[in-house]
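Engineer: Just so you know, the working numbering puts 549 at position 528 of the first sequence, and the rest follows in order with no gaps.
No lab work stands behind these hints, which were simulated from the structure alone.
Keep in mind that the hints are not guaranteed to be accurate.
[To be verified] Just the calculated beta-carbon pair ranges, DEER-fashion:
| # | residue 1 | residue 2 | range |
| --- | --- | --- | --- |
| 1 | L626 | Q223 | 50 to 60 Å |
| 2 | G322 | G204 | 21 to 31 Å |
| 3 | K442 | E411 | 24 to 34 Å |
| 4 | Y327 | D568 | 52 to 62 Å |
| 5 | P282 | E137 | 17 to 27 Å |
| 6 | G322 | P144 | 54 to 64 Å |
| 7 | P550 | Y332 | 48 to 58 Å |
| 8 | R210 | G322 | 32 to 42 Å |
[As the list claims (entries may be wrong)] Here are the simulated lysine to any residue pairs, SDA-like style, with alpha carbons at most 20 Å apart:
| # | residue 1 | residue 2 |
| --- | --- | --- |
| 9 | K442 | D430 |
| 10 | K465 | D430 |
| 11 | K289 | K314 |
| 12 | K283 | R599 |
| 13 | K289 | G517 |
| 14 | K605 | S590 |
| 15 | K442 | Y343 |
| 16 | K239 | K464 |
| 17 | K163 | I192 |
| 18 | K283 | L260 |
| 19 | K487 | G473 |
| 20 | K487 | T603 |
| 21 | K465 | P506 |
| 22 | K605 | G285 |
| 23 | K314 | I290 |
| 24 | K283 | D588 |
| 25 | K464 | R492 |
| 26 | K239 | Y343 |
Quantities reported herein were computed from a predicted structural model and do not represent experimental measurements.
Note that the Cβ used here is the ideal one computed from N, Cα and C, for glycine as well.
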Amino acid sequence: MLTHDEGVTGADVAREIGPGLARAAVAVKVDGTQLDLARPINDGGDFEVITLDSPDGLHILRHSTAHVMAQAVLDLYPGSTFAIGPPIEDGFYYDFEVPDPFTPEDLERIEERMAEIIAEDQPFERVAMSREEALDVFKDHKFKVEIIEKVDPTEVSAGDHVTAYRNDGFIDLCRGPHLPSTGRIPAFRVLRSSGAYWRGDQEREQLQRIYGTAWASKADLEGYLHRLEEAEKRDHRRLGLELDLYSFPEELGSGLAVWHPKGGMLRKIIEDHSRDLHQRFGFDFVATPHLGKSDLWETSGHLDYYAESMYPNMQFEGDPSYQVKPMNCPFHVLVYRSQGRSYRDLPMRLGELGGVYRYEQSGVIHGLLRARGFTQDDSHTFCTEDQVQEELERHIDFVITWLRNFGFDDFQAELSTRPDKAIGEERQWQVTEKALAQALEVKKVRYRIAEGEGAFYGPKIDFHIKDAIGRLWQCSTIQLDFNLPDRFELEYTGAGNTSEQPYMIHCAKAGSIERFTGILVEHYAGAFPMWLAPVQVSIIPVADRHDEYAGLVKNRLADAGLRAEVDESNETVGDKIRRALTQKHPAVIVVGDDDVENSTVGLRLYGEERDTRGVPLIEATNRLAEMAQRPS
RNA sequence: GCCGGAGUAGCUCAGUGGUAGAGCAAUUCACUCGUAAUGAAUAGGCCAGGGGUUCGACUCCCCUCUCCGGCUCCA
Numbered sequence: 022m023l024t025h026d027e028g029v030t031g032a033d034v035a036r037e038i039g040p041g042l043a044r045a046a047v048a049v050k051v052d053g054t055q056l057d058l059a060r061p062i063n064d065g066g067d068f069e070v071i072t073l074d075s076p077d078g079l080h081i082l083r084h085s086t087a088h089v090m091a092q093a094v095l096d097l098y099p100g101s102t103f104a105i106g107p108p109i110e111d112g113f114y115y116d117f118e119v120p121d122p123f124t125p126e127d128l129e130r131i132e133e134r135m136a137e138i139i140a141e142d143q144p145f146e147r148v149a150m151s152r153e154e155a156l157d158v159f160k161d162h163k164f165k166v167e168i169i170e171k172v173d174p175t176e177v178s179a180g181d182h183v184t185a186y187r188n189d190g191f192i193d194l195c196r197g198p199h200l201p202s203t204g205r206i207p208a209f210r211v212l213r214s215s216g217a218y219w220r221g222d223q224e225r226e227q228l229q230r231i232y233g234t235a236w237a238s239k240a241d242l243e244g245y246l247h248r249l250e251e252a253e254k255r256d257h258r259r260l261g262l263e264l265d266l267y268s269f270p271e272e273l274g275s276g277l278a279v280w281h282p283k284g285g286m287l288r289k290i291i292e293d294h295s296r297d298l299h300q301r302f303g304f305d306f307v308a309t310p311h312l313g314k315s316d317l318w319e320t321s322g323h324l325d326y327y328a329e330s331m332y333p334n335m336q337f338e339g340d341p342s343y344q345v346k347p348m349n350c351p352f353h354v355l356v357y358r359s360q361g362r363s364y365r366d367l368p369m370r371l372g373e374l375g376g377v378y379r380y381e382q383s384g385v386i387h388g389l390l391r392a393r394g395f396t397q398d399d400s401h402t403f404c405t406e407d408q409v410q411e412e413l414e415r416h417i418d419f420v421i422t423w424l425r426n427f428g429f430d431d432f433q434a435e436l437s438t439r440p441d442k443a444i445g446e447e448r449q450w451q452v453t454e455k456a457l458a459q460a461l462e463v464k465k466v467r468y469r470i471a472e473g474e475g476a477f478y479g480p481k482i483d484f485h486i487k488d489a490i491g492r493l494w495q496c497s498t499i500q501l502d503f504n505l506p507d508r509f510e511l512e513y514t515g516a517g518n519t520s521e522q523p524y525m526i527h528c529a530k531a532g533s534i535e536r537f538t539g540i541l542v543e544h545y546a547g548a549f550p551m552w553l554a555p556v557q558v559s560i561i562p563v564a565d566r567h568d569e570y571a572g573l574v575k576n577r578l579a580d581a582g583l584r585a586e587v588d589e590s591n592e593t594v595g596d597k598i599r600r601a602l603t604q605k606h607p608a609v610i611v612v613g614d615d616d617v618e619n620s621t622v623g624l625r626l627y628g629e630e631r632d633t634r635g636v637p638l639i640e641a642t643n644r645l646a647e648m649a650q651r652p653s
């Protein structure tokens, strides 16, 4: 039997903390032994233990650690005030307004001060007060006052129960719950600081945010820090350099990449696959230029909505103004419009690997994942209203095939609805949103609704893929559009010789080839499945006299469609092996005297600890060729 | 765009108001080797760029560019 250490019942606790707070937690005793956390499970005084390493336990732990951080900062930096400090995935942050931004040395001091507060084992005390009292208690802290003023006085749970938590002399507005005392924080770390806008609003104060993390044990903290290091090793910018795939020359400009031969091969493989699948799913190929008259963007509406992220116009005297394309849609529209269309021509599916340029804000550029120049595997399908459903389903099939082929079996879909900045009639938005939902249901794709996240011209489905270390990335998108056809006055002649307006489906499978490649690099940590690897086989002759045979092996592999390289450098076998492994080549072949004599090779696959000696060349070739098969 | 941090050899990083350093990579030579680093030698720099302060600036100050961590943004 569990009892609250102050002798109150579960019912009391539930009432005190407020209804609907499933996470309500208190310190309890089991047979006289103090436990950290528990929550009432009924009104009869029964409790359920919350372990610190459970999701709820970590939430409480991190929330409490955030309080300790705020306490430390307010201690150390007189004249500072604090805003909010919530738990987040893997940690917490707290936002402050301070006279000077934090330096790395400041963060060390804060961490030390936090450790002292924790060592003092200060009890957290819950304090309930009225709105007026709270305004008085926090009168020196403008952000807290702003929060309290937002409390709705008519709400029962909020009326005269603004709650705060006090430990030592420090008090913070908080709904709780918290740990019983600061000493219950087993392991924490201050991570970094950065700027952040109050309430996320660019127009409001810029605060200083400090990120931290807290865990149920020192071992868990170490594990987390280790995972951070591992994630860093997967960083596509670092691997791009190490594997010689691409670079971002300063001379070229921010957000612009050059692709080296190995990256170029990787890209070619991805693009070839894109083209092949487009063909298989019934798309035609078009090609369009990188720029067009500014008027075009006026008509499409892009200039109204995204002028600030388009490269500015260019103009020779007497000529019209031109702009580099941030999108392919208007160009594909022009292909459609190049002649009169009949319902017999539809659906018309046009695809292109189209290079586009967007002037992304300087602060958001991030390697290949957010670049200023990139290539969309873009397509636009023009169809009749009757065809919309079937076409949407076809696009969903296409996207799923694409993602699965690259090893992304785990993905989730999101249906984004009408945003505030939108064009077109409300009724059409409803019809198209419904069509998208229905297609997802027919294809049995689980999805959630993202209210107001749609494009300005229509609702969309986004696919978020989960990578090898559990991160989600938005890649594919299917967008249903009834606005561009209207703006460009697209038509087709119906069966009854009537003039009709087609629907348009925008779709990108990878999204951006650059970004998708970056995600692949991080997903596979550079150790690509064989069909994607730029170099599939490293052939290592043991001594110079084996170079000739190595060349023969390379030709045999090449005949079987494999990409192989002979390492003829004047290095030891051990060194050449190390290079091949460091470059994460899927297969290493070593050839020496025995192999020359018997037409065999020594074969070692990436991830294997040792080789298999004396594999007949024919067998090795067949085996590797099979492994290198592209998924279909 | 905003806040902070940073930029030294191809890469990873030392360094100091007074002649620029290491490891790895590269090049050359020797070695001819059977599964994660053979040895030696050589070469490599407008210390991101531009202004200032100073007898003297890689070092201190200002501006620009680029990168990093966040915030805001992502048709």
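Engineer: Hints first: check each against the structure and report whether it holds.
Structural biologist: To see whether the hints hold, each was checked on the structure:
{"no.": "1", "hint": "L626 x Q223: 50 to 60 Å", "in the structure": "holds, 51 Å"}
{"no.": "2", "hint": "G322 x G204: 21 to 31 Å", "in the structure": "violated, 60 Å"}
{"no.": "3", "hint": "K442 x E411: 24 to 34 Å", "in the structure": "holds, 30 Å"}
{"no.": "4", "hint": "Y327 x D568: 52 to 62 Å", "in the structure": "holds, 57 Å"}
{"no.": "5", "hint": "P282 x E137: 17 to 27 Å", "in the structure": "violated, 56 Å"}
{"no.": "6", "hint": "G322 x P144: 54 to 64 Å", "in the structure": "holds, 60 Å"}
{"no.": "7", "hint": "P550 x Y332: 48 to 58 Å", "in the structure": "violated, 37 Å"}
{"no.": "8", "hint": "R210 x G322: 32 to 42 Å", "in the structure": "violated, 48 Å"}
{"no.": "9", "hint": "K442 x D430", "in the structure": "violated, 34 Å"}
{"no.": "10", "hint": "K465 x D430", "in the structure": "holds, 15 Å"}
{"no.": "11", "hint": "K289 x K314", "in the structure": "violated, 30 Å"}
{"no.": "12", "hint": "K283 x R599", "in the structure": "holds, 19 Å"}
{"no.": "13", "hint": "K289 x G517", "in the structure": "violated, 46 Å"}
{"no.": "14", "hint": "K605 x S590", "in the structure": "holds, 18 Å"}
{"no.": "15", "hint": "K442 x Y343", "in the structure": "violated, 26 Å"}
{"no.": "16", "hint": "K239 x K464", "in the structure": "violated, 46 Å"}
{"no.": "17", "hint": "K163 x I192", "in the structure": "holds, 15 Å"}
{"no.": "18", "hint": "K283 x L260", "in the structure": "holds, 12 Å"}
{"no.": "19", "hint": "K487 x G473", "in the structure": "violated, 23 Å"}
{"no.": "20", "hint": "K487 x T603", "in the structure": "violated, 26 Å"}
{"no.": "21", "hint": "K465 x P506", "in the structure": "violated, 29 Å"}
{"no.": "22", "hint": "K605 x G285", "in the structure": "holds, 17 Å"}
{"no.": "23", "hint": "K314 x I290", "in the structure": "violated, 33 Å"}
{"no.": "24", "hint": "K283 x D588", "in the structure": "holds, 16 Å"}
{"no.": "25", "hint": "K464 x R492", "in the structure": "violated, 24 Å"}
{"no.": "26", "hint": "K239 x Y343", "in the structure": "violated, 60 Å"}
In this structure, the earlier hints numbered 2, 5, 7, 8, 9, 11, 13, 15, 16, 19, 20, 21, 23, 25 and 26 are contradicted, and the remaining ones agree with it.
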